[in-house]
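*Asks:* Each chain, letter by letter, is given below.
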Amino acid sequence: MARSGVPLPARLAEYVAAGLQTGFILALLLACASPAAAQVDFSGQWAPVYHEDNAERIPGPELADYTGLPLNDAARLQADTWDADRISVVSSYQCRPHSADYGMRGLGNLRVWADLDEKQQLVAFHTYMPAWGSERTIWMDGRPHPPDYAEYTFQGFSTGVWEGNMLTITTTHLKTNYYRRNGVPASDKRTVVEHWTRHAEFLTVVTVVTDPVFLTEPLVRSQNWFNDVGQALPAFNCEYASELPGAQEVPNHLPGTNPYLTEFADWYGLELAATRGGAETMYPEYRLKMGAPHSKPPDRCKRYCTCGGGFNCDVNPARR
Amino acid sequence: MIARIGLLVATVCVSAASSLLAQGPPGPPGPPRSPKAAAPVDLTGYWVSVIAEDWRWRMVTPLKGDAASIPITPESRKLVDAWDPAKDEAASVQCKAYGAAGVMRLPGRVHITWQDDTTLKLETDAGTQTRLFRFGGTPPPTEKPSWQGYSVANWERPPATPGAPPTLPIFATRIGTRGRSLEVTTTHLRPGYLRKNGVPYGDKVSLTEYFDYYKEPNGDEWFTVTTIVRDPQYLNGPFITSSDFKKEPDGSKWRPTPCTAR
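Residue numbers (this note's numbering), protein chains in the order written: chain A, 1 to 320; chain B, 1 to 262.
Since the hints were made in silico from the structure, they are not lab data. Just to be clear, a hint being listed does not mean it is correct.
To be verified - Per the computed footprint, the stretches of chain B lying under chain A, defined by three or more beta-carbons under 8 Å from a beta-carbon of chain A, are: (1) 55 to 63; (2) 99 to 112; (3) 179 to 187; (4) 204 to 215.
Claimed, not checked - Capping the alpha-carbon separation at 20 Å, the derived lysine to aspartate or glutamate pairs in EDC-like fashion look like this: (5) A:LYS302 - B:ASP81; (6) B:LYS247 - A:GLU163; (7) B:LYS87 - A:ASP299; (8) B:LYS64 - A:ASP299; (9) B:LYS64 - A:GLU263; (10) B:LYS253 - A:GLU285; (11) B:LYS246 - A:GLU217; (12) B:LYS253 - A:GLU280; (13) B:LYS247 - B:GLU123; (14) B:LYS78 - A:ASP314; (15) A:LYS302 - A:ASP266; (16) B:LYS247 - A:GLU285.
As the list claims (entries may be wrong) - Which residues of chain B face chain A? A few of them, derived with a C-beta cut under 7 Å, are: (17) ILE51; (18) SER242; (19) ASP244.
Being a predicted model, the structure only gives us computed values, none of them experimental. We put the beta carbon where it would ideally sit given N, CA and C, even for glycine.
Please model the complete structure; the sequences and the hints are all you need to start from.
*Replies:* What follows is the structure in structure tokens.
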């Protein structure tokens, strides 16, 4: 007999039953638990919203529009040499993809999916954008970035960490690319930090680019998508073609010879210095020192006045 | 027996899920904390809008008729093409571009403070406007339309499908238990402009904003406010922008200015 007066075999059975029940509950708790690190699932189909800088991102930027970019003189010099015919002549430019940072600004349709391991822990997010078939991997398993001598690619090497409901991504090892599709250069020394947040059906991504070669301070921009469960993304095909047969040189404008640098200021009634960009021009106090427009402003908008949320973005629609 | 196991599964999972859902911002047990005390991020201070987007629509008053990027209706287009700032000045409505649906896109600084434990105050130096974000409650029935309207705020809860019915999370839990975003919903707005060149919003407009704080490796502190404007009269869908503000060490660059129509 045991102390409690209960026969030992009966008490043993109670212990076993209690142990089994505890183990069962623990197992259930484990089964119910979500991956420890995951805070928000960004997986799904995301359609872009072009309610900012629509004319720049859809039809494309005007030549010599450097507004809103904290450029240094080296960046301006390189951008001023840009000639869009370069794409027609130099085959390596023809199928050149947007890099990870510009891709999120140029903004296209986006699909995100997650890799989970056998313990249902998040290993990585992947993104696919049809423009140039760009696919990224964002590692979530704590792995370090590779050494500097590792391969540089258009999508770079990305790792992510959670800050509450915000996913913060750091990307390095990016090839040279552009901040705007009118020749404003981005160097391979840049680092990109992104902050992803999801609010109901909307996704907001902030991109913070630090570039010691071409920027005097970080470039911070933010862009938006909405969840579109009906979206299906195609593959992207790009073929090289000689569009200017016989061209003997890379189209360019040597320093001081580009005749198109004032068009943008004239068309929109802007101070020429402001169109050259620079960190100073991005702060409210610049309005106090902003000079007169480069030429007499038009009395009303004459270019890209009707770009709405989509592609109805004619240069000069018949209505006007 | 099967029923008992099912009940056990449900009990355990509901218990686990409830525990996770209840986490919110970490804090000691006890009576509910005030919104100020429960704030998961600190949005107070002076912040400057850094204009890296929409520069020529924000840093200068855009040309008449320029509504690029905004999904306007034909009815709106008529007003955009007829914009006359002199008429706004004559009618003393120079603040139409400084209402809640437009003011966060204007170049300037904002000063955020706690007015009390349940009210966050956001002041703008552009147009010298004051917005009040009230945690809890609903607009009183007597609320009159104003430039800044009536704003209800909350610390955003974990992501969920809007309007979804309650579920029994067997073998699943809700994620996103550590929200850090401020959600603000604004109604009772007086008709105004989305841009200074007269792109209109009407009296049926509603506004949802999400404020997200982040800190960069160089120590800079920022918030981005995602703004969703819905206006069945002048927009053919939600108008969505996100505006970025950098924290400043003090108010030395704070310069309140009056509203202007041009």
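*Asks:* Is the listed coverage of the region 204 to 215 of chain B by chain A valid when you require three or more residues with a beta carbon under 8 Å from a beta carbon of that chain?
*Replies:* holds (count 3)
*Asks:* Compare the distance between the alpha carbons of B:LYS64 and A:ASP299 with 20 Å, and conclude whether the hinted pair is satisfied.
*Replies:* 7 Å, holds
*Asks:* Taking the least C-beta to C-beta distance, is B:ASP244 closer than 7 Å to chain A?
*Replies:* Holds, because the Cβ-Cβ distance from B:ASP244 to chain A comes to roughly 5 Å (cut-off 7 Å).
*Asks:* Between the alpha carbons of B:LYS247 and A:GLU285, is the straight-line distance 20 Å or under?
*Replies:* 16 Å, holds
*Asks:* Would the pair B:LYS247 and A:GLU163 pass a check requiring their Cα atoms to be no farther apart than 20 Å?
*Replies:* 19 Å, holds
*Asks:* Going straight from one Cα to the other, do B:LYS253 and A:GLU280 come out at no more than 20 Å?
*Replies:* 14 Å, holds
*Asks:* According to a criterion of three or more residues whose C-beta lies within less than 8 Å of a C-beta of chain A, is the region 55 to 63 of chain B covered?
*Replies:* Holds: 6 residues of the region 55 to 63 of chain B have a Cβ under 8 Å from chain A.
*Asks:* For the restraint on B:SER242, tell me whether the closest CB of chain A is nearer than 7 Å.
*Replies:* Check passed: Cβ of B:SER242 comes within 4 Å of chain A, closer than 7 Å.
*Asks:* Is it true that the CA of A:LYS302 sits at most 20 Å from the CA of A:ASP266?
*Replies:* 11 Å, holds
*Asks:* Taking only the CA atoms, is the gap from B:LYS247 to B:GLU123 under or equal to 20 Å?
*Replies:* Since the Cα atoms of B:LYS247 and B:GLU123 sit roughly 14 Å apart, the hinted pair holds (cutoff 20 Å).
*Asks:* Taken at face value, is the distance from the CA of A:ASP299 to the CA of B:LYS87 at most 20 Å?
*Replies:* 17 Å, holds
*Asks:* Three residues or more, CB to CB closer than 8 Å: is that satisfied between the region 99 to 112 of chain B and chain A?
*Replies:* holds (count 3)
When each numbered hint is compared with the structure, no violation occurs for any of them.
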